[in-house]
Every structure is written in structure tokens, then in C-alpha cells.
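For reference, the chains in residue letters:
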Amino acid sequence: MEAHELSFEPDDRYNAFLAVCKKAPCGKGKLAGIAVAVKDNISTKGIETTCASKILKGYIPPYDAHAVELLRHAGAAIVGKTNMDEFGMGTTTENSAFGPTLNPCDTSRVPGGSSGGSAAAVAGNMVRMALGTDTGGSIRCPAAFCGIVGLKPTYGRVSRYGLIAYANSLEQIGPMGRTVSDVSTLLQVIAGKDRHDSTSYDRPYTHTPVADVKGLKIGIPGEYFGGGVDPKVAGVVKTAISRLEELGATTVPCSIPSMKFALAAYYVTCTCEASSNLARFDGVRYGPAADTKKSWHDAYKEVRKAGFGTEVRRRIMLGTFALSSGYYGKYYTKAQVARENVKADFARLFSEVDLLAGPTMPTIAFRLKEKSDPLSMYLSDILTVPANLAGIPAISVPCGKADGMPVGLQIMGRPFEDECVIDAAYAYEQAVK
Amino acid sequence: MMSEDQVIVGLEVHCQLDTKSKLFCGCSTDYRSDGPNTHVCPVCLGLPGAMPVLNKRSIEYAMKVAKALNCTVLHESEFSRKNYFYPDLNKAYQITQYDKPLAEGGYLEIESDEGGERRIRLTRIHVEEDPGRLVHMGNAERGKYSLVDYNRAGIPLIEIVSEPDMRSPKEARKFLNKLRATLEYLSVFDSEKEGSLRVDANISIKGNERVEVKNITSYKGVEKALTFEVTRQKNLIRRGQRIERETRHFIESTGITQSSRSKEQEHDYRYFPEPDLRPLHVQSWMEGIVLPELPDARRERFVAQYGCSLNHARTLTGELKLANFFEHVVAADPKGLSTLAATWIADTLIGELNYRSMNLESVDAPGFTELIGILKSGILTDKSGIDVLRVMLDQRMNHQSCETSAAIVDRLKLRKVTSVTLEKSLTYEIVPNPILTAITEVLTEQPGAVDDFMKGKKGAFNFLVGQVMKKTRGCADPGELNRMLVEALKKKEV
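Top to bottom, those sequences are chains P and A. This note's numbering numbers the first residue of the first sequence as 31 and each following residue consecutively. This note's numbering numbers the first residue of the second sequence as 329 and each following residue consecutively.
Worth flagging that the hints you see were computed from the coordinates, not collected in a lab. The C-beta atom is built at its ideal place from N, Cα and C for all residues, glycine as well. All the given hints hold, so there is nothing to weed out.
Here are the simulated lysine to any residue pairs, SDA-like style, with alpha carbons at most 25 Å apart:
| no. | chain 1 | residue 1 | chain 2 | residue 2 |
| --- | --- | --- | --- | --- |
| 1 | A | Lys410 | P | Gln366 |
| 2 | P | Lys360 | A | Ile423 |
| 3 | P | Lys373 | P | Tyr408 |
| 4 | P | Lys331 | A | Ile423 |
| 5 | A | Lys410 | P | Glu332 |
| 6 | P | Lys75 | A | Asn365 |
These stretches of chain P come out as covered by chain A in the derived footprint (C-beta under 8 Å, 3 or more residues):
| no. | region |
| --- | --- |
| 7 | 185–193 |
| 8 | 219–233 |
| 9 | 297–306 |
| 10 | 351–360 |
Computed from the model, here is a short list of chain P residues facing chain A with C-beta under 7 Å:
| no. | residue |
| --- | --- |
| 11 | Ser73 |
| 12 | Tyr93 |
| 13 | Asn198 |
| 14 | Ser199 |
| 15 | Ala309 |
| 16 | Arg310 |
| 17 | Val314 |
| 18 | Trp326 |
Full structure from sequences and hints, please.
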């Protein structure tokens, strides 16, 4: 591979980047010389990777995440690491230890999260594409808020090796870009089986988007247009869906009864897994060193209290509680039952329809500090978490504006039918171009 | 029938599986002779983002054990995370198996204290990863600091949990020995590797709370720790005190157990399924697992094929290497050598090796075989045989050049001295019978003893035998010596 360098000195007025590689090596291949930004919870050999947390300040991974390795092989220039909610825990990118990222469409608003840095870097024209990660909507939410395209692939389609885990059973690395084509191209590069990730499948993605939805049956779940969804947002999305009908798709109303348990199931599952995943950050190996004059137990406490932000500590405590003896059956087990119900609902729906469509987010991008109450922030994930619980592919594609801010159309499909989801988004995008 | 102060023991045995690579990554398990943190990678260091990938071989090994111990492999088993903070635990959780272990049930038969076989039931076998290791600079409480070595992190372990079926510390020891032998016969375990076995023991006196003793790292330690506990618990009961349910640590150096601080035992491990690994469906592999001959079968074969006594057969088959060594030694002439070889290996060689802290590998097998052949020919007394063996072992131990058994016999002139051997011998010149010479000398040197003998003191005869033996450096055939001494004394009387 011929080695080149890409100069990269962006005007980062949105605080999208936590680290920038001014001279980024790149080579030949599908992404030759293309600048790609990588979310800061994805390990990059030799580039500081902090998950936007003080506790990982100074951590330079000695290895590349599998997806990053594939990017390098495809000739991409990895130009920097993007801001995020600490460890992916948030919907606004305000929970970063290194300051919030601003929405390029309106700098008084958040870019969404947790992959807000990646979305802002793409929307702000600093890079052509970026990698995000999606645990409960963290790719689709910022894509919708910033007016770009973001895909959460089927669980297992992209290797998670090197992704610093927040909630292993829910999250996926996925592509973000300004067009469906770019997102598709990026997915071609990163999808496929990885022997380092036992949950990855041998389902490479070689598809080129086709703008054709003729004959497709699209289900419109009533829950996606119910209470809590801004009527203006609902209106924009409904118009977009009628556009798909005009293109030859048929739509049917449907229902996902298990949705009323989805948010609870999601927050129990992700906090349980997080409480375990984040336990290793104890000051022994990375981050600020433990004070050796104290007993190790006291030193751990101090390091973790100082190193983790409020939201992260809250979720660690929630998860620790939910897993503790006497409560496991009440929370974790029940959450898994609810999760199975969500999966079953989707399986039933997908035996009747090819796709499901609705808004990505119930509202447009929040103003900075608007979601200071954690519960109201959690509630805004209601339309994105079902896809993570069920492991199905879901894309957010820009579909117009409400109150001057972008709105995202969310399209979900059957497991491993990311192609179909991408084609529908592409058909819509091409039709409104 | 259980008596009122019946001891009840159950064991949890952790054994390192002797695979080439670790349980969840490709790092080599052969770390013992290398520096700290040299056999590590992102996975076994628990670096952020690294993911476990199950080593198929370790599951095959564990299933071999399950089959040999008559366990049932479950249709679906799964890995779980056991969450706790400790500096040697890189991820702050251990990947282990919790409510869906690899295998359940099964049993192991041991020789009971009353003789005969006793069946110890097993609860389960599960697979887990070993944590790293702390090296304390100074002692653990007051040392300046501790260092962490992750070479051991991720070594595959199996935990074998028994039912509380053992009735004495000695039975617990026998259970462990039998288990070790079985694992070694299966070629999945190397008991000689330091730290390859760790035991937690549950012990109670019938009708009382049970106590868990942790941190036992040797075979002898199990018996020691449990014997200490039996005494301690019985004493408490005798004094009318209550036995508390608690966890105690065994201190190997002093042989006692010590209560762990109560805070430490209030662990809530918050188990939940490991989301980075898929459930295991390996039941169908069982058909493909072919077991080698196991200790019980080999013991019975040794009795039938070689005519070994049950005790000798038990000892010889109790360790794989010993059993192999025996069969190697007698290979040339099983009929002629086996009884002698069994006795010499089981009754003599093991003791001489233990005395020198040597292992069987350092024994020169051809040399030992030759020695058994020489003993068989009858030209050595048992005592001389031991002398030859000792010289052989000492030379090995001191890394000296090693002589053959025959050379040692000749150099030390250990050939049994009888008139017959003298006549037949080609290597010795015809010389006056050394026994006779010795007797003549002794009778001249010890007139007092001769007098005593004449006066009918029986002890005097034995004294004279001893003196003659001394002069012949133990080489005299005892029978022949007796006969000749009686004759010589008769002549004196005349």
C-alpha cells in the first residue's frame, strides 16, 4: 500500500473533536484519501482514546479496533477522535468531560448524542464520513438532529472488537455521512465477521444502494406518532412517508404493544452491563494513578469518584443496584423478558411488512442544558431503543425541517436486511434531492 | 451410620487446564519461567474494547474430565460475569459459569478409610478464567507496595465441586489424589506446575454450621487444614460454643486457619450472563470424546496382568508417571520382573525420591531396570540393592556422571558373598571365602562374646553376626553367614 498523508486542520468551532491528527496517513482502496472521523470510544492505535472521560485521560490504545483496522486497509485517513457523551451515556453530547459539542445547524442547540461529535464533524463539513456507535440511538439521534444520515447496523454485522463497551448486548459501530451512498460505502468497508468478536456474523455487506421501494410493504407503528412526539415532527415524517408511497411502497398501520416496556428494559439492561464494563477503570492501569498511600479499596473509591462524571456514576449505581442479590430477578430478569417481547413483536410485524417507518426522535434538537433532568432525557430515547433491544437495522435519513431544525425519518428492517433499509432511505433521499 | 460428631467435608477444586493457549485469547500458557507481564495481550490484560474468544480446546479438555467423572454435559451452558474489585482482576470481573455450568452430576470413587471403594458425588464442573497474580513487596499487610503480574490472567481453570460426601480429612486427601490421577491420565492437567491446583473446602461437624476454608494450594495442605478445623470445631463444641458460619483462610506455613475479616465475605458478585460470548451447545461433542484407560481400570489390570498386590497396584496407578514407569521397567520380562519391580518401586523408590525431593523423571529408567534384573538374579542382598539405588539417585541429584547399576555393584564390591557365587564368579579371583575370613577374625577379636555364647547367652550370637556383617560391609548373605557362624562356633566348642 502506497503511503500518503492527509493534512487535516479543521476549524472546529463546534468542539466536535477531542483529538485531531494534523497529518493523517492514508493509502489506496475504497476510501483512498477520504477523511474519516472516529468516535472516541473506538480504540485507535497510537491515538488517545478517552470516551470523553477524565478517567481515561492519557490512555493511548496499543491496538486498533477491528473497524478502524478495516478503515486503514481501505485507505481512509483517520483524522481525529470525536466528542461524545461520556462512555456513550447521554442523548446530547453535553455529558462530555471536555465540554459539549454544538449543533452546526444552530449552535444554541445540542447535536444529539451520544455520537454528537461525529455528527457535527460531518454536518459541519469537516469530514465526509464518520464512525459512530449506537447503544440506544446514539448514531440515529445526532444524525436526525444535525440533518445527516446515520445507520445502526444489525447487531453482529460490524465487529465490536475495540469498541470500549458501554452495553455490549445492545451496541453497534455504524456509519454516518451526508448521503446514503456514503453511509453504504462506509458499511461496505466495516461489515463482516471478525474472529475477535464472537458475536459478529459472517454477513459482509457488498450492496450498492438501489432507489427502489416498489412493492415494499411498510408498517407505520402507531406508537411512533403517539403522545410525547412533537406534532410538527410527526407531520414532517408523515409527509416523508407519503413520499415513499408515491414511489410505490404500500403502508399499513401497525402496533408494537411491547413498546411501553422498551425504555425500562433498555435502561435496566444498559446500566447493568455498564456497571460491570466500567468497573475496570480503577486507577491501577489507566487514567490518573491511584494514591498508593491509601488502601487499594479507598484509592479505588477516590479515583472513580473523581474520574467519572455525574451521569456515568448515576448509571453505574443504577446497574449495580439492579444486579445485586435480591433485585436481579426483579430487574435484570424482567428486563430480559421485556426484551424478548420486543423481539417477538418485531418478528411478528416483519412477517407481515418489509420495513417499519416513523420519526427518529420525538422532537427537534434540544437547546443546550434543556435536558437537565435525566429522566426527561431518557424518555427522548423511546423511538430509537426498540431497534437496539431487537438487534435490527435502523437508519435515520433527513426528511425536512420543523421550526427550522432537521427532522429524521427512521426506517427499520429485518435482521441482516440492512440492504433493504438502505435502499428505502436511498429512494427517499434521491426523490427529494 | 453417622455418629454425632461426624465430620462432613465438601471440596471445590480449581485446576488449571494444560492447554497451549489461554481461555479467551491466543497468549501462551507457558509463563512460569518468563518475566512478569510477558504473556499478555489486549484481551488478557482486559484492555478497554478487547473481547473474549473461547478456546475450543479448553472446552474439549473440560468435557474429557466431565466424561471421565461420569457427569452430564448440559444441552446449553453459558458464561457469566462474577463482578468484584481486586487489583489482580484486570476487568474487575471474572468470566466464569454460574447458573448454567458445563456439566452437572457425576462421581469419583475413592478408597474409603475402612477399605473398599466409596463413591463421592459431584455437583458440577464449570470452566472459568484464572485472575492475575499479586506480588507483595514486603508482606501483604504492611508491605510498601504490591506489583501485578497478568501472565496468569486468562489461564483456563475448571472448578470441580463435590457434594459434602467426605467423612474425614484423610478422605478429602484421597479424593484429591484420585482426582489428580484422573486428570493426569486424561492429559489435561500437570500437577507439577506451581499453583496448578487450588482448593476451597467446606467442613462441618454434623448438626453445626459449616465453615469454608479458602486458599489451600497443596495436596498435603488439604488434609492439614481440615485436620486443624476438625480439632478447632470439636473443641468449640466441647466448650459449648457455637460454630459460626464463616470463611477462613489457610496459612500454609503454620498449618492453621484464620478467620477472614467479616467485611470481605459480604461479597455480592452480581452475576449476569457474559454478553460478549454466545451460549455453548456442546453436548453432541461427548460422543466424539474417547477416554484413555483411567486409574481404576489400570489398577485392576495391574492386579490381573502383573499379579500386583492390590496395595501395590493402587500405589503404582495412583500417579500416571509411576504407572508408566512400572510398565516400562517390566516390559522386557513382565512375568519375571513384575513382583520385584512393584515392590521396589512402590516400597523403596518412592521413599528414596521423596527423601531427596526428586521426581520420577530424574530416575534413569534403563539403570533402574538393570538394577531390578540384577536383584532378580539373586547376586545382591536387598540392603545392597538399596545402596546401589541410593548411589544412582545421588549421582543424578548431584549431576555427576552416572554409572550403570552393574558398575556400581562391581565398584563397591556389593555382590552377595556366598561360596556359590565365588565358585561361579568369573570377575573375582578365587580367594579365601571372605565370610569365613571375617568370621575367623571376629572370633579372634571378640573372645568375650564367644565366651558369653558358650555360656548360653543368645544375644551374643546376634552380636557376632553383626560384627561379621560389618566386616563384609553388609555383603554377606544372611543365611549363609548364620550357617557358617554356627559351624565355626561348633568347631570352637570341640
